[in-house]
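Visitor: Listed below are the residues making up each chain.
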Amino acid sequence: MSNQDETIVAAVDIGTTKVVTVIAEIRGKQINVIGVGEEENNGSQQGTISNISEAARAVKASVEKAQKIAGKDIEVNNVIASVGGKHLTGIKSHGVTTLTLSREKEITQADKDRAIESAKSMPLPADREILHVIPTQYIIDGQDEIMDPLGMSGVRIETDVYIVTGATTLVENVRKTIKMAGYEMDDIYIQPIGSGNATLYEDEKELGVLLIDIGGGTTDIALYHKNALKFIKIIPVGGKYITGDLVPALQTSKSITEEIKKQYGLLYEEDAGEEIIEVPDRTRTSTRPMFRKDLAPYIKYRIYELFDMVKKELKNEGIDKSLYGAGIVLTGGGAKLNGLLRFVQENMGGSVRIGVPLQEKVTGRYEVIDKPQYSTVVGIIDYFVREHGKNERLISSSGGFLTKTSDKIKKFLSEFF
Amino acid sequence: MGKMKFELVEEQNTIIDSSDTLIKVVGIGGCGCNVINDMCQMTMRDVELIAINTDSQSLNKIDSHEKIQIGKKVAKGRGTGNTPEKAQKSAEEDRNIIENKLRGADMVVLVAGLGGGTGSGAGPVIADIARGMDILTAAFVITPFNVELNEEKSRIVRESYASLKDKVDMIVDIPNEKILELFTEDTGMDEAYKAVNIVLIDIMRGLVKMISKTGIQNIDFADVKRAMKGKGNSFMGVGKASGANRAKTAFENAIKNRFMGNPNLNDANFIVINFFGNMSVGDIKAIEELKLKYTGAGAMVKFGHTNVADMGDEIEVTMLISGLHDDALSGQGGTSEAYNQFTPLAAASKKDESSKPEESKETVDKEIQSAIEKSATDFMEGNYENEGLAIPTWQRIDICRRHLPKLN
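As they're listed, the protein sequences go chains A and B.
For the first sequence, the positions run -11 to 405 when our numbering is used.
For the second sequence, the positions run 11 to 418 when our numbering is used.
Isolated chain B (complex conformation) (with noise of 0.2 Å):
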């Protein structure tokens, strides 16, 4: 009964505030606590901040509902000073602390700089806590400027990004190099770092709203789980628009994303799109246009709308784009080849490659038809219940997706 009367209030259009997913939003290290900092000043609503360092005195400072000191016998106090192997023995060591603090979440969003000590070295050891308690866990990581690199901290970001995208369900890469290119010289660095900050709270939002507000086609917890889990590089974006075209701008400010590049939505294996907003058949009329243009992409989409009345003429979206290739992330025009030049996603991508084998066609052959099999046992068990037997099986299943011809 308590279903029928949650599908009528539904159907009226009315939001209902859902409490029950918990995220928890953990910054580890120090440039992970600066992003919880910012956002307990930004007032972050319906989401748990946890910050997590070594060092007490940076600690102190930051002001958010949990902190975690970490590795008290190893750190004593300190920074790690940029040995990621001290703050990895750090999280060892206070594990059961972490498990504590993580316990009940659904969701666990990591922020965390590499190139550090506590961050990269921290970083992979909590994924792996969370992971293990079967949390969704996604990691927002922030990576330096190419200025500060050298043979060590290249090493350091590259591992560490590896050894986190390892354990982790999804990860989203925003490299600092990308201020350089954004502000005019005499910005001031207080002001291009919080720059960057905001562009990851915005984000945080979109995607707390996507999953807490019902929408008339509604976009839960459910569904971003579904897109995250196990998707490796991902990209997430919020754009904003209003007047004329406001629908289809809105998606494009999103999409262009200033700090994390173009992602190529062909590339994509997951795509989820919310919209909020008063909005109007046109807006409608327009989202439809879209996602049909991008339904062409090899992925599957997932389209949500939410009627926010208090927002006058403005429109806001939300996407995330999961499962994206190491090279799917491309910088806009010139700046591309900075982004590239930075290595440590094409290195550690590069590295990937080399190690795999390559797949005979009996064996993918073979990997094809189990996980076909596995698809079908899934709609079987669940008495075909389960929508997602409409979206193309080649969309839904990974392997099918990626041995497809290319149509032109």
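Next up, chain A with everything else stripped away, as it sits in the complex (with noise of 0.2 Å):
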């Protein structure tokens, strides 16, 4: 494979508390990350935009950092980003077509199309537009599970999706975002599915495994099982909310409650043995000294509280152990608090672990980007090389925004294909 071969994405995921960007060269399906941007965004809130033009700030800031250390040649005209926040829901749905009259009965990538039409034809509110649709089997004249029917004979095929929706404006504010941080957006992904896809082995998405992401604004919960994205949901508690559950009882800046948090936050007191912390003053003058333990259980409440709410979410969608057998992935910043995992496996079970992308999807500056914040963003790249196509929204009807970075990816996969 010759250099011209290789081609630049760059991916922006707008969080809460931060908007992270990676640039990486595309090498096969192989991500070669050569630049990473963090700054900071005001603009969101619980995972959606609430300023445009902070935000738009923020994907800037982020992406010139990353192009900063992609190096001066690399020039960042288009971008991926994600989409996150309590609007997006997921719903099941059911498509059936009979195969067109050909000759051979041979089922071709028309006849999937159209059984995947007739899923998507299902009332949708004005205010709301598909996002994914994620076949989870297709159904072959009775003959279930089947991943991939494509050349497969048959008369009749049906097809079960999951449908990811959101609400137009909030998508549309993302669109306006990177237009006004002067990009053009290639594509959009929500949040799970990134961070999903980039954490997550394929045998685990076989056998079942459910995905925690605790983010700055928002807790997304993701089940994949036998292969493909089961349910989502989002949950509007993130890590923020843990540092504003400090802020009262350090007495102190936001800011500083915020480091406080990321250095000696934990959710068990013995964690702490007897450490004596320093907590500084607004100004920064002076400082007092407390016991790290007592920062536990202003902290443990918020997040019993929130596993309440994800055991709650799961129980009321009927999700039991059994359809995650590979157990729990911890991902997103808020992962990184000490205890969770423990925590998580006293709570609920199974084994658990904290996701960072997969070593194996990434080469290049993998040290950097080796950690749970990175995932989504990580993910939205890998979704964008290796799905591209198989996302069965119609990416040409929101617009028509596919651009030279994607044109050229498609016609580059196209040659595996």
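It is possible that some hints are incorrect.
Chain A regions said to be covered by chain B (calculated; three or more residues, Cβ under 8 Å) [said to hold, decoys possible]:
id, segment
1, 218 to 230
2, 294 to 303
Keeping only pairs whose Cα atoms sit at most 20 Å apart, straight-line, the calculated DMTMM-like set for lysine to aspartate or glutamate is [to be verified]:
id, chain 1, residue 1, chain 2, residue 2
3, B, K384, A, D296
4, A, K300, B, D48
5, A, K299, B, E383
6, B, K371, A, E258
7, A, K303, B, E383
8, A, K299, B, D375
9, B, K376, A, E334
10, A, K303, B, D388
11, A, K74, B, E395
12, A, K242, B, E299
13, A, K300, B, E391
14, A, K299, B, E395
15, A, K74, B, E391
16, B, K235, B, E397
17, B, K71, B, D48
18, B, K376, A, E257
19, A, K164, A, D115
20, A, K303, B, E391
21, A, K299, B, E391
These are computed hints drawn from the structure, not numbers from a lab.
The beta-carbon is built from N, C-alpha and C at its ideal position, and this holds for glycine as well.
With the hints as a guide, bring the two chains together.
Guide: Rendered as structure tokens:
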């Protein structure tokens, strides 16, 4: 493969507390990270953009930081972006079609598309748009659990899909933000799909795995089973609230509280022993001592509450442990909280691990993005590269923003298929 | 669409009178009816005033929207002669009448003197009726002078306070004894009593205004309800100030209420603070500072401010502090001793404590867990639309708050 086959992709994950950009070279399906940028974002709340110009500023700054690291000759015009927030919901749908009377009765892409179209033709409120249509299985003449029916024979083709929709205005706000920052948006993916793609092994997805992505403003739950996304739920509680819980307790500024949380925050008192930490006052002119262990109860009540919500959401949906036999993967910035792994193990049982972007997917600056807070951004690149074209959403229908980079990728990918 | 319009108006800082919340103030017994009478004479607006007594003669003298003579059979139109049992029976006798008069109220405020007959005996029954109708119920009780106290009267005060506290969402105590400390010896008793009533009226006015006026940062009935519901010992104060530092001074005036002692904000569970006036940027800044200062306490703080153009230089603040510990109210300086010697509150609380068995760590943990679980369910069922989610979990859930380590 020559260098000309390399494509540059820039992905922007607009989170509640920060915007993270990763610039990567795509070689084969390998993501070679060449630049990472991070910028504080004050333009989002609970996962959705509340101030476009501030969010756009953060996007621009974050992309430029990543560009600086990637090198001067890297130009970013097009980006792919993430969308998050409570407005994202998923529903199951079912589509049916019969094969056209072709001679061989062999299933073609057109047949597949028709089945998907049929599944998509459900009443959708005017203020919502479809973001992802994920086939969970195909059923051909009654035979189920078929993942790829292309080339198979049959008469009647059915499909079960999981459709993720979002509030049109909020999705539009992401587009506007990217545009205001000066970039073209090639595609948009929901955050839990990103983080799931980056952190989960294929066999986990096959066996069933529950992903819990604790971000700044939201906690996203995603269930993968039999290699397909089966359920997502966004709970509007994130790490930002933990900081908020500590502010009145520590009586210092938000930014100092955030630092203390990151450095010393913990869930189990005994993990701190008698360690004494110094809490600076608002002006950082003096400090006062406190036992580190005293931070624990202020944090743990929020975590208890959050995981009660997680468990209830799963129960509501009828999801039990048998559906996530491979266990639970915790990711997102909040996953770094000291004691969380133990808490989830004790509280929800089964095997629990912290998810970071999988090394097998990434080359280049892996050591930089080897952290839970980069799961989403790496994941959307991975999704863009691997699943492009498989995401059955009609990209062109939402304004024809399919542009240069993705065309290149498409062309380049087509060589493999 | 209606809602949209409403929000638009709010943005323009216009004030709308809302008449959806109906408050009924119920004076019980001689003392309570006197307060009602004063309220009528001082034209208390936006509330319905109801006087309840067994004594027909004294009831005749009262000027109020509604009057209920209870216990025609038991008390035969006379007073209850300092026997709460008689008053209790009287109220029970006319339960239906009382229920009918309270119907339709969103909130009932009971005003009664404790230590006599009717207030002490009928008060808890009326509170029970109101609560039974799912009406938010507050009680302002006036407790007697120390001189008046003998063993019997102390017992009545103690028992009626405890029983009332049990039945209302929130109770505010105003000891008459404070009058002795606050007025010079040659002040007429009439004037002194009137002063107590004025404090009560100011508070009621503040409360009504807080609920009915739509502010820029608005406090409405739902907030007040949340602050009061099942909160027990409470404090309410109104303070005014003008000139430099007016926001801060008004705030402090509200807290240093002459009759109720200083509430210890650190022990409060919920604080609602509403400012009225022609607010300036400086005032808002000052309020922000106060907010920061008091959010440090382990309480939920709800701030509101309403621009009232015609108030000139003056700023008024209404405070509602609820969920205080039994011993959280302390007098000012040297007067605290006298207040503490006056025993009803202290005695009632001591009794409470001794009867409560030590909670084991496991029971506490279990209680905490189920409280948190309940909170999680509530948020989830409300589709996480409730703004309370941003408030620290430990602040929102009473039992969590009580089991936190004290940070220096």
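Visitor: So, for every hint listed, does it hold in this structure?
Guide: Here is what the structure says about each hint:
1. 218 to 230: holds (count 4)
2. 294 to 303: Three-residue rule met by the segment 294 to 303 of chain A, so holds; n is 5.
3. K384/B / D296/A: 9 Å, holds
4. K300/A / D48/B: 54 Å, violated
5. K299/A / E383/B: 10 Å, holds
6. K371/B / E258/A: Given that 20 Å is the threshold and the Cα spacing comes to 16 Å, the pair holds.
7. K303/A / E383/B: Holds - the C-alpha atoms of E383/B and K303/A are around 14 Å apart, at most 20 Å.
8. K299/A / D375/B: Between K299/A and D375/B the Cα gap is close to 19 Å, so the pair holds against 20 Å.
9. K376/B / E334/A: 16 Å, holds
10. K303/A / D388/B: 15 Å, holds
11. K74/A / E395/B: Satisfied, since the Cα-Cα distance of roughly 10 Å is no more than 20 Å.
12. K242/A / E299/B: Status holds; Cα separation ~15 Å.
13. K300/A / E391/B: Holds. K300/A to E391/B sits at ~10 Å (cutoff 20 Å).
14. K299/A / E395/B: 19 Å, holds
15. K74/A / E391/B: Since the Cα atoms of K74/A and E391/B sit roughly 14 Å apart, the hinted pair holds (cutoff 20 Å).
16. K235/B / E397/B: Answer holds: K235/B to E397/B is near 15 Å, not above 20 Å.
17. K71/B / D48/B: 12 Å, holds
18. K376/B / E257/A: Answer holds: K376/B to E257/A is near 18 Å, not above 20 Å.
19. K164/A / D115/A: 17 Å, holds
20. K303/A / E391/B: This hinted pair holds, its Cα atoms lying about 13 Å apart.
21. K299/A / E391/B: The given pair, whose Cα atoms are some 13 Å apart, holds under the 20 Å limit.
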